[in-house]
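We have chain A already, so just place chain B on it with the hints.
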Amino acid sequence: MADFFRWLAQLPPLAQVPIVILAFLAVVGAVLFFIEIAPRRGRRYTIIRLAVSVLVPVVTVFVVGSYTWAAAIGAVVGGILFLVDYRSRQGAGYLLQLWCFLLPAILMLVIGLIVPTIQTAVQAFMNSRGTEFVGIDNFVWIFTQPSGVRTVVNTIVWVLVTPVVSTIAGLAYAVFIDKSRGEKIFKVLVFMPMAISFVGASIIWRFMYTARPADQEQIGLLNQVIVWFGGTPYDFLANSPLNTLFLIVVLIWVQTGFAMVVLSAAIKGVPTEQLEAAELDGTSPWQRFVNVTVPSIRSSLVVVLTTISIASLKVFDIVRTMTAGANDTSVIANEMYTQFKNFETGRSAAFAVVLFLLVLPIVIYNARQIKKQREIR
Amino acid sequence: MSTATETAAAAGVIPGPETPTRRVKRRLTSRTATIAALLIAILWTVPTLGLLVSSFRPPQEVVSTGWWTIFSNVGFTLDNYTNVLAAGNSQLTMAQAFINSIAITIPATVIPLVIAALAAYAFAWMDFKGKDALFIGVFALQIVPIQMALVPLLQLFARGEIFGVPVIAAFGDGAGYAQVWIAHSIFALPLAIFLLHNFISEIPADVIEAARVDGASHGQIFFRIVLPLTMPALASFGIFQFLWVWNDLLVSLIFADGTVAPMTKLLAEITGSRGQDWPLLTAGAFLSILVPLIVFFALQRYFVRGLLAGSTKG
Chain A
1 MADFFRWLAQ LPPLAQVPIV ILAFLAVVGA VLFFIEIAPR RGRRYTIIRL
51 AVSVLVPVVT VFVVGSYTWA AAIGAVVGGI LFLVDYRSRQ GAGYLLQLWC
101 FLLPAILMLV IGLIVPTIQT AVQAFMNSRG TEFVGIDNFV WIFTQPSGVR
151 TVVNTIVWVL VTPVVSTIAG LAYAVFIDKS RGEKIFKVLV FMPMAISFVG
201 ASIIWRFMYT ARPADQEQIG LLNQVIVWFG GTPYDFLANS PLNTLFLIVV
251 LIWVQTGFAM VVLSAAIKGV PTEQLEAAEL DGTSPWQRFV NVTVPSIRSS
301 LVVVLTTISI ASLKVFDIVR TMTAGANDTS VIANEMYTQF KNFETGRSAA
351 FAVVLFLLVL PIVIYNARQI KKQREIR
Chain B
378 MSTATETAAA AGVIPGPETP TRRVKRRLTS RTATIAALLI AILWTVPTLG
428 LLVSSFRPPQ EVVSTGWWTI FSNVGFTLDN YTNVLAAGNS QLTMAQAFIN
478 SIAITIPATV IPLVIAALAA YAFAWMDFKG KDALFIGVFA LQIVPIQMAL
528 VPLLQLFARG EIFGVPVIAA FGDGAGYAQV WIAHSIFALP LAIFLLHNFI
578 SEIPADVIEA ARVDGASHGQ IFFRIVLPLT MPALASFGIF QFLWVWNDLL
628 VSLIFADGTV APMTKLLAEI TGSRGQDWPL LTAGAFLSIL VPLIVFFALQ
678 RYFVRGLLAG STKG
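So the protein lines, in turn, are chains A and B.
FYI, the numbering for the first sequence is 1 to 377, going by our numbering.
FYI, the numbering for the second sequence is 378 to 691, going by our numbering.
Just chain B, with the same shape it has in the complex:
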């Protein structure tokens, strides 16, 4: 678990006595470097700042003057937010889409996490024939871009058939969020199983053995030992999955139609149809990035740890 220590080191400067090493490193950080770093930091922050400032400016100001003139054109309003919450398409408003985002994201985070943890436990601590081959198979599924699975999966939901053989009852029109939940859960599994397996298999074998000697069954070991010990890993992956689902556009474009569409989909649609309506777009965009930003700032440690532990998905 060297990643965890590295993250701790990365999270902040560890204070200590002035050693030759520190002097070497300090000289590397010359003044030009600091200025360059400042420049990059400003360049990276200004776009978001512009959006934030604009979203609070009166609509007529937003479309007529630049947001950097805020000090000469003072004005503050929440109108953009009230307007964008009521805006939308014929089927739903942004406020409803916001609720949809929540309703899609939470189950689509919990379900794959639990299923992946169960499978990861079996791969890590149960013996069976063909275990390695099966695990490599699951691992290899990460190479499949979700684009390969989207359309046939949609057809399965719509018609209930695989290669013409009826398999499930078709969901039809009124199934609500079910399609998005299931799709997101499935697409999350390969990476989730792989990452959680890495953590669960790092639990010392002595701990598991001791529990077994005491007569604990696999169910008890999983529930009483493995789950508590892998909480940090579950948290990291949970945050990742939460942000991934919340920020996703592709899966919701295919699986979340009409009244169950999340914010990203509605925002993308409004950007297409009312691309110059900046008062609306700035407020809408900021609303949609608000939740990820809160999650990000509150749980940054887990986020960074998860990032260092594995790859990305898609």
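Chain A with its partners taken away, still in its complex shape:
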């Protein structure tokens, strides 16, 4: 496989795309063809099944690694798989079909996600080269260094500010434009930043924040506004701790559209009878909003809040592009990358583990809310 990729890499980039996709689809086609003939009866198909079960692992092992001993193990495993399948309750061939459907995904997840996650968890307790066990030194280092503490605090600020502000802005906007003329266009305008990369958004906002000396004309809009009101230009990204807030603005700018779309859909689902009944009771629009609308969209609100919280915890691109963590703006994901670039694998892994532990409760809560929301629907 490495050889195939090396051969592929020599071709012009745009020629590689169709070749790799065709090669991939050819493999998938072969798999589907085998799924098609696997459950058929008769000795001929039994032999085909046996051949495929033994040859596929062998060939796969040769293709990805070309170790003879591994290929031998692959052949044995293939033989066992064939026997297990041959004696399966649903009839010979059933399990082979199942494995054809499932194994590509499962193998990729095991090799590319599960095993690496375990490795990272182990590396977090090793030294920078991963050769020596150092206990919790890496974590102690994070939480005793002023810059490490600062990184964790910044991340927490991100998580506290971004979801709340984006959700409130998105909810307010969704309510304001609900059933108004041109609702669709209003939506697109605020939703559009969702499609833009964080790198693009960061450049857009760096341009907004640009400061030039007071005696020159400003080219950043925000500083121009300050100058119009008689102030002196302010370097938004240089001064801690406010600069973190100005970075957070970028994520809010992106995530408000997400909050707005989801909440707008939820608002459309609020039973109109309840709103009418409330109006007949002589309530004000604000009371109706707080007492009728908000409770009925509660589960959507929670999903939006938690989803944006997860995004804020993992924020990387914005910090990387705008300040690269300078001037006390670093966050955990950025520090994880910085330490990796400095060949401090242990510390990098420790940051990843801290991030994992912070994300964990929110994701579990989020998943349960999404499930609950589905059940209501």
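FYI, nobody ran anything at the bench for these hints, they're computed from the structure.
Warning: the hint list may mix true and false statements.
Here are the computed lysine to any residue pairs in the SDA-like style, where the Cα-Cα straight-line distance is at most 25 angstroms [as the list claims (entries may be wrong)]:
no.	chain 1	residue 1	chain 2	residue 2
1	A	Lys341	B	Ala501
2	B	Lys506	A	Arg89
3	A	Lys341	A	Ala121
Frame of chain A, contents of chain B only:
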């Protein structure tokens, strides 16, 4: 599939007779609310507008006057774009990075989509021992931030070892886009399997049963029934994955080195090294957001549907 109907309702005002309900709702939308909405809409649009306007202004104007003075300092040029396409680092130009973005994104969208659809079908319509536990396991993988997997996966590509045991032939230097393709495909799988499973399992059991009675095998059911019926879901997830990969910075920073780097990586690098070169940066940023914007505007329905159907990934 209530999300689909909700999306239809969300996509535009459904015209209808004037009912008491509509009056209630209309009164809620007072004039102040409209003004507030307008204000937010302007606030959210102006930054992008500024970038777009600046990218077409002559370079010396961009760095000396504000883009809002465009009407007193009239000027239009495409120079910024020609300049930025030729700019870059020692290894590649922005034009090549643009091609790289395309070459990375398309396979990294197709491959996980197909693999996830196969797995989702098995989870939805095949019986086997431990199915629920395995599916919950795949679902639970969504909680793992990709940061946990990045470095060991890179080491696997570089050395071909897991815990010191040789597993694959090391990719070495000349493997091109392979690392990014594989990394993106793997990271997309948990969410893709989960979302596609939700759609595939909602196909009425009668349809599948009828096909089985007619003698269709799992391969035929998957190819002839499930794939066509889940096209909207495949499209939504495909768009998501496309935008995610195109806009990604972290994975490409780790896995796409040197000449295979996509636009986001090169742009981030230029922002670091030539942060005040606004003619270049505005044009470059607009080039990089152009493709997502086209995809977004052309396929907005699917995008919104996908958004309402599931969570985000990372």
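Now for the hints, and whether the structure bears them out:
With a C-alpha separation of about 42 angstroms, the suggested pair Lys341/A and Ala501/B falls outside the 25 angstroms cut-off, and the hint is violated. A hinted pair counts as satisfied when its Cα atoms are at most 25 angstroms apart, and Lys506/B with Arg89/A qualifies at roughly 11 angstroms. For the suggested pair Lys341/A and Ala121/A, the alpha carbons sit about 18 angstroms apart, so the restraint of at most 25 angstroms is met.
This entry does not satisfy hint 1, going by the numbered hints stated previously; all others are met.
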